[in-house]
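A.B. asks: So the sequence lines, in the order shown, correspond to chains A and B. Here the working numbering is used: the first residue of the first sequence is 1, the next is one more, and so on. Here the working numbering is used: the first residue of the second sequence is 1001, the next is one more, and so on.
Rather than coming from a laboratory, the hints here were simulated on the basis of the structure. Some clues are possibly wrong.
Okay, derived cross-link-like pairs now, DSS-like style, lysine-lysine, Cα gap no bigger than 27 Å in a straight line [unchecked claim]:
#1 K1009/B <-> K107/A
#2 K68/A <-> K104/A
#3 K90/A <-> K1057/B
Keep in mind the model is a prediction, meaning the values are calculated, not measured.
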Amino acid sequence: KNEVEQSPQNLTAQEGEFITINCSYSVGISALHWLQQHPGGGIVSLFMLSSGKKKHGRLIATINIQEKHSSLHITASHPRDSAVYICAVKGDSGAGSYQLTFGKGTKLSVIP
Amino acid sequence: DSGVTQTPKHLITATGQRVTLRCSPRSGDLSVYWYQQSLDQGLQFLIQYYNGEERAKGNILERFSAQQFPDLHSELNLSSLELGDSALYFCASSARGGSSYNEQFFGPGTRLTVL
């Protein structure tokens, strides 16, 4: 079983819809990343969070440490949001080691 | 633009060959991370360097090696290449990696195709 599970695997939405992508993890973590990967392959870091909620433009990320769960929300979705969204966690053990464990990603397609 | 650069962007080579991928971290970043993204495995951590020293190892094959130079750029060497090594290789950097964890910034990746 993967330590980081994302759902859904694929998501198709109409432009303007509110979108939620979920990430659950099974290990203790000290940080969680949401990453965006466009069709060209490049990866952009959207958020890094360890508690609570962060907002950037139309994107909102929340994390519940007790429930080992994070969500990425996109409000008023747009076709340019079409990408693969990847959740990655940094474990809370191994001082000095900052390797990330990744989910398999959620492929989002926003249709005009 | 994350500030992390990787060269080359694309690399096509044959089985059994050896290649070197290069990464320059953001200015001032001491930590460099290497990741492999293949179709079947997704993103996987390979290795981390901090200020020239190896800090953590992940799923890195013995045929692969890396180093970080005094100017903080890093190279990932892949030898005896196999078809299954075809993948996107990403480098990321972060400010520290000592006693505190900082956000990682990803380079554009090198797409390796082994024929």
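A.B. asks: What hint numbers does the structure not satisfy?
C.D. replies: none
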